[in-house]
Amino acid sequence: MTGAAPVALRPHAPDAVLLGFARALRAAGVAVTADRERTYLEAAAEVGLLDPAGVYWAGRATLCSSPADLERYDQVYAAWFGLERAGTRPRQDQPPTVTMASLDTDGASGEAGGQEQDTVQARASATEVLRHRDIATLGSAERAHLAALFAQLRPRAPRRPAHRATPSRRGAVDARRTLREQLRRMGEPGPIAWRRRGTRPRRVVLLVDVSGSMSAYADALLRLAHTYAATGLPVEVFTLGTRLTHVTRPLRQRDPERALVACGDVVPDWSGGTRLAQGLKAFLDRWGRRGMARGAVVVVFSDGWERDAPEALGEQMRRLRALAHRVVWVNPHRGKEGYAPVQQGIVAALPHIDDFVAGHSMAAFEELVEVVACA
Amino acid sequence: MEPREAFASAGELAQGLGRTGYLADASLATVAWLALRLQRPLLLEGEPGTGKTALAEAVAEALDLPLIRLQCYEGIDATQALYDWDFPRQILHLRAVEAVAADRAKDVEAVEDQLFDERFLLARPVLRALREAPAVLLVDEVDRADDEFEAFLLEVLSTWQVTIPELGTVAAATPPVVVLTSNRTRELHDALKRRCLYHWIDHPGLQRELEIVRSRAPQVSETLAAQVVSTVQALRRDQELIKPPGVAETLDWVRALHELGSPTLDLDTAAATLGVAVKYREDAERVRSALDRILAS
Numbered sequence: 001m002t003g004a005a006p007v008a009l010r011p012h013a014p015d016a017v018l019l020g021f022a023r024a025l026r027a028a029g030v031a032v033t034a035d036r037e038r039t040y041l042e043a044a045a046e047v048g049l050l051d052p053a054g055v056y057w058a059g060r061a062t063l064c065s066s067p068a069d070l071e072r073y074d075q076v077y078a079a080w081f082g083l084e085r086a087g088t089r090p091r092q093d094q095p096p097t098v099t100m101a102s103l104d105t106d107g108a109s110g111e112a113g114g115q116e117q118d119t120v121q122a123r124a125s126a127t128e129v130l131r132h133r134d135i136a137t138l139g140s141a142e143r144a145h146l147a148a149l150f151a152q153l154r155p156r157a158p159r160r161p162a163h164r165a166t167p168s169r170r171g172a173v174d175a176r177r178t179l180r181e182q183l184r185r186m187g188e189p190g191p192i193a194w195r196r197r198g199t200r201p202r203r204v205v206l207l208v209d210v211s212g213s214m215s216a217y218a219d220a221l222l223r224l225a226h227t228y229a230a231t232g233l234p235v236e237v238f239t240l241g242t243r244l245t246h247v248t249r250p251l252r253q254r255d256p257e258r259a260l261v262a263c264g265d266v267v268p269d270w271s272g273g274t275r276l277a278q279g280l281k282a283f284l285d286r287w288g289r290r291g292m293a294r295g296a297v298v299v300v301f302s303d304g305w306e307r308d309a310p311e312a313l314g315e316q317m318r319r320l321r322a323l324a325h326r327v328v329w330v331n332p333h334r335g336k337e338g339y340a341p342v343q344q345g346i347v348a349a350l351p352h353i354d355d356f357v358a359g360h361s362m363a364a365f366e367e368l369v370e371v372v373a374c375a
Numbered sequence: 001m002e003p004r005e006a007f008a009s010a011g012e013l014a015q016g017l018g019r020t021g022y023l024a025d026a027s028l029a030t031v032a033w034l035a036l037r038l039q040r041p042l043l044l045e046g047e048p049g050t051g052k053t054a055l056a057e058a059v060a061e062a063l064d065l066p067l068i069r070l071q072c073y074e075g076i077d078a079t080q081a082l083y084d085w086d087f088p089r090q091i092l093h094l095r096a097v098e099a100v101a102a103d104r105a106k107d108v109e110a111v112e113d114q115l116f117d118e119r120f121l122l123a124r125p126v127l128r129a130l131r132e133a134p135a136v137l138l139v140d141e142v143d144r145a146d147d148e149f150e151a152f153l154l155e156v157l158s159t160w161q162v163t164i165p166e167l168g169t170v171a172a173a174t175p176p177v178v179v180l181t182s183n184r185t186r187e188l189h190d191a192l193k194r195r196c197l198y199h200w201i202d203h204p205g206l207q208r209e210l211e212i213v214r215s216r217a218p219q220v221s222e223t224l225a226a227q228v229v230s231t232v233q234a235l236r237r238d239q240e241l242i243k244p245p246g247v248a249e250t251l252d253w254v255r256a257l258h259e260l261g262s263p264t265l266d267l268d269t270a271a272a273t274l275g276v277a278v279k280y281r282e283d284a285e286r287v288r289s290a291l292d293r294i295l296a297s
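Going down the list, the sequences are from chains R and H. When the letters of the first sequence are read in order and numbered with the working numbering, they come out as residues 1 to 375. When the letters of the second sequence are read in order and numbered with the working numbering, they come out as residues 1 to 297.
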């Protein structure tokens, strides 16, 4: 035992190596906390350091908490320990942002062989316009004005009948509470208690199109999404473009400016192309069908410009309608003079929409909040 | 036997699970073994039909412990998870005491104490798991419950004890083995996830799925099993299905074909029994049009 020698001078101390790995993982964006690090060390000690595969799985089980983390874990593991784990297949189906297609319009080049995650990523970064827009540096006076207006919006969640009954003045006889009251009186009959089913907030899912044709509205729409997300109601927000991105977490922050900056950091496809049908399919397959859209009020913010065949959008909208309690489509162009829903995408989607509302002005947003609350 | 000492290594646990008919790969066996050793809950996520619930059953069988299952649903609360008092029986008891005690000198407090006695307590799964420990507690589809219930669960999972005001504190002699499953309809709270070891279960590969079918449905001929498994694997891989068939569907399909007495999977029998494996109309159409190509290869 050298005693006082600092950890950094003993590069081969196993706990330092493992802890360093945990820190590297945290730097890569996985939420590694101190107690998780401790559990990781305990787990690694249990399987023994001589079993690299065991240490690999111990770390995966203790440091990760969602499928999105697993892919990062594999990458950092390979970089830190300098070896590829046999048997770790590249995950295609679970990352939070899903590559759906390249943006090159000049034909089907390379469309067939792009199953591998790496090649998809490489091609995506080469051809897709992955612009990180700086939301914080927008036109100043109007922005401040509009932001103040958004703060005045009071989104309310729609209600649904709850499973649990609550005490009420009318409704059915609450036998249990009546008997409990009798028990208090040592068996003497007392007043009859009543109960009826209560209500709970219904989930609201916001799907915001951030493609090029919607770029003028994307900031305002995300601010609207933030006013919803920051209320603490059951709200989930996704952005649609060439990819589907789950942005509820960044938008949960109270301060709208910080939330939008955080959101800008995770959305890779600002002002790119539109793949509405693909995006909706990704949402339904990975989130919606598992329960997120079930019984929810789903609001789609889009102008309906669609690159792919409109029938595909129609089929996905039909699926969405079958799951959701109510589907609201918000089209910024709808509030304009002389608008008619003639885009093929909108025409295909219209039969599967409950409410078709405008979304171009503050007044329209207030109306939308009302529509959602009463859905 | 103490559950955490039952298996000396992950490999032994895998063998033990194998004896019950559950084939775990090295990763799942390692994580499950760690959960036993570290006495942590195991949080399993994955596509439906990949054997999350079955693992808890297999662990219980391998350890020879009772399996206590708590199915979560929207609006579940502590009275359904923990304990409740049997009010009708308490009332009955009161009436009986009234009828018997003709003299009014009976001690009121003693009667009240009798009311909150062990025999009027309805123990629900979590309390049962704490009392009957060592046991395996399966908290199924925890993502369906509400946030409040998650917080309650977190409290029990970190202290392994529950306080009943009328009776006192119930603490587990040995912490139960806890398995939580989630279908990810909702993000679980970080605090709960931090308590748990996390594992994502994927669909098995060709070889492993074949082994599973052979061990779960030994009556089926090898050629039929191999054909069905490779077909299902092709469906999962190539076809953009709304709900790709899971292992459970593969097993159902193999058994259905066996019951029909067909020695091999051909186009007609496959089309006739497709409903066993594929549950959406759109999927069925897609599979039907692709079947001859898959079966030909």
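The reader is advised that the hints may include incorrect statements.
To be verified - Subject to a maximum C-alpha distance of 25 Å in a straight line, what follows is the list of computed DMTMM-like cross-link-like pairs (lysine to aspartate or glutamate):
| no. | chain 1 | residue 1 | chain 2 | residue 2 |
| --- | --- | --- | --- | --- |
| 1 | H | K279 | R | E37 |
| 2 | H | K243 | H | D84 |
| 3 | H | K243 | H | E118 |
| 4 | H | K243 | R | E71 |
| 5 | H | K279 | R | E71 |
| 6 | H | K243 | R | D219 |
| 7 | H | K279 | H | D238 |
| 8 | H | K243 | R | D255 |
| 9 | H | K243 | R | E315 |
| 10 | H | K243 | R | D285 |
| 11 | H | K243 | R | E370 |
| 12 | H | K243 | H | E166 |
| 13 | H | K243 | H | D268 |
Calculated directly from the structure, the hints in this document are not laboratory data.
Practice prompt. Could you work out which earlier hints the structure fails to respect and list their numbers in ascending sequence?
Written response: 1, 2, 3, 5, 6, 8, 11, 12
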